Amino acid sequence: MQFLSRYGRTDWFGPLLVTILAAIIVGSLSPSFLSAFNIQVLLLAVAINALVAYSQMIIIAIGEMNLSVGAIGGLAAISFAGMMQVWHMPILPAALLGILIGLLGGIINGVIISLTGISAFVITLASLSIYKGINLGITEAQPFYGIPNLVKHLGNAPFLGPLPWLIIPTAIVGFGLWLMLTRLPIGRCILAVGGNRHAAELSGISIRLTVIVAHALSGAIAALAGILLCARLQIGQPTIGDDWLILSFAAPVIGGAVLTGGHVSVGATTLGVVIVAIITEALVLFNIDPFLVQVVLGVLILWAVGINRLREFRLKPLRRA
Amino acid sequence: MHPPSLQIMDISMPSDGPAAASLDASDTTLTPSPRVRRVRFYLTNEFGLVLLIIIFGAAFTFAVPRFLSHFNLFILGRTAAENIVIGFAMMVVVVTGGLDLSVGAIGVCAAMGGGWLMQVAGLPWPLAVIGGLLLGAALGFVNGWAVVRSGLHSFIITLASMSIFFGVMIFITRAQAFRSIPLSFASFAHIRYFGFISPLLLLAVVIMLALVYLYRLTALGREMLAAGARASAAELSGVRVKRVIILCHMLAGLLAGVAGLMLVARNDAAIPSMAGQLGQDWLLPAFLGPVLGGTLLSGGFVSPLGTLLGSFLLTLLTNGLLLLQIGQFWVEAVLGLLLLVAVLLDQARRSFIARRRMI
Amino acid sequence: MAEFLFEALGISKSFPGVMALQDVSLQMREASIHALLGENGAGKSTLIKIITGIHRPDAGELRLAGTPIELTSPRDAMAKRIGVVHQERNLIPRFSVGENIYLEQLAGRPLKPLRYPELYRQSRKWLDLLDLDVDPATPVSRLSVAKMQLVEIAKALALDSRVLLLDEPTASLTPHETVTLFKVLKRLRDDGVSMLFVSHKLEEVGELCDQVTVLRDGRNAAHSQPLQGLGRQDLVQLMIGRKEQIADWPARNFAAATPALALKGVSTILGHRDIDLTVKRGEILGLYGLVGAGRTELAKCIIGQFAVTEGSVEIQGKAVKIASVADAIHRHGIGYVSEDRKAEGLILMHSVLANAGITVWRNLGHHGLPLTDGRIRSRIEPFVRRLEVRTPSLAQLVGNLSGGNQQKISVAKWLAAGVKVLIVDEPSVGIDIKTKAYLHELLRELSDTGTAVLVITSDMPEMITLADRIAVMNDYRIEGTITNTRDYEEMSSRIMSLIHRVEAA
Amino acid sequence: YADPSTKIALVPGGPHPYFASWAQAGADAKKDFNLGAADYKVPEQWQLADQNNLLESLVTQGYNGFLLFPGDPVGSVSTVQELTDSGAPVIALAGCLKDPSTASFCFGTDVYRSAYLGTQHLIAGMAGTKKRILHVTGFLVDPNTQLRINAVNQAAKEGGATVAETIADIDAPGPAEEKINAYLAAHANDIDGIISTAWVPSVVSANALRRIGTKRIKMVAIDHDKAVLQGVKDGYLLGTMLQNPYGQGYIGSYAIDKLRNGCKVNASAPWTKNALTARFIDSGTVFAGPEQVDNYLQSMQAITKTIFASFAKTYLICSK
Ligand SMILES: Nc1ncnc2c1ncn2[C@@H]1O[C@H](COP(=O)(O)OP(=O)(O)OP(=O)(O)O)[C@@H](O)[C@H]1O
Ligand SMILES: Nc1ncnc2c1ncn2[C@@H]1O[C@H](COP(=O)(O)OP(=O)(O)OP(=O)(O)O)[C@@H](O)[C@H]1O
Ligand SMILES: [Mg+2]
Ligand SMILES: [Mg+2]
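Residue numbers (my numbering), protein chains in the order written: chain E, 1 to 321; chain P, 1001 to 1359; chain L, 2001 to 2505; chain F, 3001 to 3320.
Looking at chain E on its own, in the form it has when it is part of the complex:
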């Protein structure tokens, strides 16, 4: 009971419970779920989707939305692939430039939002169109195929047991974000701005700078996600990022993020991604009528979030006591 009331209140506890429960259920029904190869596949999906979720999470933290995460990711991905194919650029500089493009995209978002005071929703929607348009303009909807073999290898191979290489950048970013949001003043400023913008301003926090930093980070992380996905797909697809939006919000929200800002959790968001990945996988493993997949997906999401909620209902009386 002590344990429950101590950890039960943290954001990650519920999602963790759901994750374990889901893994047990899926694993017992389909033993191959826990095979090394399958875990690797799961981790690959998590590695990329977690970055997508982080890049939105940091914007949710300041109480805004970034609709352009997918467009930035896609632009970075095709830039990365394009620079390697067309200009024969070495991998590392290409990747860095790709991230830089994302960073720049984010900074542009942030600067316009904080200078004009127009809602982030509108600005990032416009920039979504712009970034996506540049992507299409460059590629004319044709993929880049010239991905070096090393990148293809890194995008899919494990380095230790079932752990894929791709998990490394994600883990670093995740840890960095956690450190930033819990230990570094800049992270705390981001949360303060999301928690009560007015109060933060009165406390001498520069709203402009904080907003720009958050958007810059978001852009860079989205770009990293795009580059990793490009490595994983072994193609610079112009459609990369088109379907990120919903997931980018869903994972943080499943992880208890407050959409009005001020409260996000890196751990719980990661678990949110894991939950979605397990559910997606379960749908494939169980040979469900393809026409029913969406229904089951919806029900499972509700189930996952519902369990997360139950814990709160149970804990309320405890808190009073």
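It is worth saying that the hints were derived from the structure and are not from the lab.
Worth double-checking, as some hints may not be accurate.
Said to hold, decoys possible - Below, in silico cross-link-like pairs of lysine-lysine (PhoX-like), each with a Cα-Cα straight-line distance of 20 Å or less:
id, chain 1, residue 1, chain 2, residue 2
1, F, K3313, E, K152
2, E, K152, F, K3226
3, P, K1242, L, K2300
What the hints assert, rightly or not - Covered stretches of chain F, going by a simulated chain E footprint (3 or more residues, C-beta under 8 Å):
id, segment
4, 3167-3176
5, 3185-3199
6, 3204-3213
7, 3267-3281
These figures come from a predicted structure and were not determined experimentally.
Quick reminder that beta carbons are idealized off the backbone N, C-alpha and C, glycines included.
Go by the hints and put chains P, L and F with the ligands onto chain E.
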């Protein structure tokens, strides 16, 4: 930062009220001068949008000779009408500080329901339309009920319900369309009044007027705004917040149904793909109209006229750009740029007025 | 060395439709406490916001130690060691007490890792100074209003300012906490800090301050005068232009009246036990208790927000079950003026009209007529006028009103509602003395028309002015009920003995 | 002989590599047949509404002939009606409209037949195994997806194979990657073959097989993505079902011009019937195995030539 609140008529104080004597000093300050009122009007979103529509309309007329052709105006109005109603469907939930990702899914379900009633059940189309709308409202009720009962954010509830509604629809229909749509119904999308006005646009305007009536002249509408602005305060003032939120979602479902049925008329068929995978194609127009129109995503403030103008502006930009014949794949980038220019212009207008201290 | 540490000279400031300040001056000496007085909406908070860089003045000059300064943001003011406690709470709810206290410092060094144990240890110092017994690691959102206020003060103290501005810091404090705060402020004064103190409680001003500036309608009515020699009535005269009228109402007898609201052996889910309480028609019952006694909670149980677990609630003699707040209001005619106007009392982003009218919409809408602004206005206007709400128009956003005027709206909407039982929780927090008198009159008139009023207040004089009877609550129980004789000494000692009897036992 | 006032628009359903050769086909047709224009116009996004808006604006811009991949076989019928009402002939290109419609005819790939043939090739290649098939395909909202599922199931039934699972809605890279790999991770041993009937799943499955390094699982893909062609060459895939987008664009442009200049559709031509329409012309579907992939362009051009040679004679009745 805040948009102007409800456009409330200014009070004019009777000079012989019981407390007037002691109020003399503040009396003068209680009524804003006509100039302040005029400036306040110039500062509104709606005024800005009208300006932008005029500017861009003029630019397109100048740049594209056929922009003002009857055919193009008709197309423009009809497409705008769809976007406007989709925007309304989202707007009425955004009022509560929530959102409804499932508008598209509900719209398609209502359309398919209506199509089924027309083709398979063979009902006369007015009944089938009512049936489709009721289905939309019912699905909206499910959303609202789930949001209120679970206490979860509507984002997560409608994310799941989007999947469920759409999935059930696809499962039942096997993605097959209903295309025996009575001509008398479908013709609504094809008739042209005076050669260029679509009845659908008129319908959108009527819906806007109804929404204005709701939010300004009924207790329910005012309660929706109050509940959206601050639920705890509204609750303590006697608003049944939960019931009101359910009603908002039902209204969203109903309006999504209207938009869905408009598309049925437009396509002469009820087709599952009309709003894309899971109905997601509607999401951007659904949000963009209200947000451009000044509706706050955090809830509590709404502008039906703004939504109408915002959606119209969006449609206008898209239409004009397509006519401008920009390099194939660059249209989207230019659309984004134009949108950015539009909102920046609007912002500049506001700070210009504010800087000139016209207030 | 200049004569004055800080000066504001010839300050003017206008908002859309409002001239908030006109040629206002103020000069603060080192090592002194300067009172800033004025009615609600006189411009006190606006002046403070100008001094701290939140608003830019339209005209005028700020000087620090004789040199003119330019402030463009709160950070500028902080850098000049000007600290402030604002009238409104400005804390990050999910952050801990300690982090809130040090938020200003954090902003300055974005990449230096935080060391929480260290930070908590340092913040302890400021909490101890204010006698505030909370763990610095507690999230602020779990504190009571009073404790938040003290955290806010600690936050300002932690800045180690030379000039400290305090905008109604005592409005939500108990007398005990106020005494502690004053000790701290006096010590700061002795250390050379120059302070500006805003309050509507004139006793406090007399006890604490050296100089006084009075604002009336955005102008100086008095400018940096020594307080010495100015009596309470002099200050009132400066503030409102006339003397204070002290209500002297005859005692009323309710022996024959029928009960409007009666609680019989009520226990609640929030922990109340055996509550017996009766408010008769036309009566004003005061509910007194120290903060934390459970009065607000009891009110919320009565209006159906939390469940009553045992006993019976009777309205007009009939036992009822109140399932929701809407039920309480629309079916049973019970209204509740919340003590927390920002969170529960008002919708800050809506207009005065929308806030004041919310309670009458249903009623007006019943007839099927369109619910026009005009119809709502005609219902609420008398009350808004009577309370002298200072607003450019009814279309003004409530959030733009001065704190006291906001409070007036949160009370006015219930006066307009026409309820049969009205529960009023701390109605006069932040209201100036003139309006407080009007409010008391209104409540009295309301009760004369047959409404039963339950007043919860921690302001003993207010209680004794208003109540016909006083019920004393302590630790979620009613300790006793006494009839008010309007003799301050006698009543306060009887109330205190009721409270302390329990504590002695 | 041709008419410079003919302005043709080639409009796909959205940005997609499949249609890329339409641009070249249009340009060539413009030159060869001396047309006013034969422009490739892409809707911004793969959305029916976007395509409709684009088409309507093209009418306004004065385009008077349309080669159109229907965003929806039923949903696009009314838009096509509006196009033909404006006097512009329309040919459904690459995919068909569902009858009845005012399009002159459908010129493209018979999705049912293509999936059916591909599955037959797969079954043939799986000889000696248990013939368990995984079918990966595109969005369910596209009614063609249902046709493909039916075709695969039918071919499997006839060939004595079983469809172990159908994974749909994966016409986007991320989800395709996730789901196909997840399936292979768990069930690689439970299947003997993969049939893909959409572009992205073809690419992703081809890559996945290469990664696993198995040639035990046979696969037949669709379309000509480089990753797929390379997979065929390297022996990871049995082959791929190729379509003829260039020929569609080239001959289609020619036909539109004819239709605008005195020719009519020959009602009694030897039309093929398919699940959607009774007026269908196959633009050519070939199964390309390892030997054919290198010179598939030539074989396509050959097919194009053959169709073109007899096209006017067979399908049109011209007064001039
Ligand atoms: N942001 C604003 N926009 C418009 N009007 C404002 C704004 N802030 C203050 N005002 C107006 O300026 C006047 C002065 O307000 P201020 O808050 O300074 O009063 P105050 O003296 O602090 O009153 P109180 O005792 O009630 O706190 C009021 O009439 C108020 O309505
Ligand atoms: N343990 C607690 N955790 C969080 N908040 C608390 C706790 N105890 C009391 N509070 C808050 O402190 C405030 C005052 O407490 P309470 O309402 O019980 O006393 P009260 O008698 O109504 O006080 P008041 O004199 O302010 O009316 C309330 O807003 C309550 O929510
Ligand atoms: Mg004030
Ligand atoms: Mg209280």
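| Pair hint P:K1242 and L:K2300, alpha-carbon separation not exceeding 20 Å | Answer holds: P:K1242 to L:K2300 is near 18 Å, not above 20 Å.
| Are there three or more residues in the segment 3185-3199 of chain F whose C-beta lies within less than 8 Å of some C-beta in chain E? | holds (count 3)
| field | Whether chain E covers the segment 3267-3281 of chain F (at least 3 residues having a Cβ closer than 8 Å to its Cβ atoms) | value | It is violated: at least three residues are needed, and the segment 3267-3281 of chain F offers just 0 whose Cβ sits closer than 8 Å to chain E.
| query | Counting residues of the segment 3204-3213 of chain F with a beta carbon closer than 8 Å to any beta carbon of chain E, are there 3 or more? | reply | Since 3 is at least three, the answer is holds.
| field | Restraint status (C-alpha distance of F:K3313 to E:K152 at most 20 Å) | value | violated (51 Å)
| Restraint check for E:K152 with F:K3226, where alpha carbons must lie at most 20 Å apart | Holds. E:K152 to F:K3226 sits at ~15 Å (cutoff 20 Å).
| field | chain E over the segment 3167-3176 of chain F, status - at least 3 residues with CB closer than 8 Å | value | Our answer is that it holds, as 7 residues pass the Cβ test (under 8 Å) against chain E, meeting three.
In summary, the structure is inconsistent with hints 1, 7 from the numbered list given earlier, while agreeing with the others.
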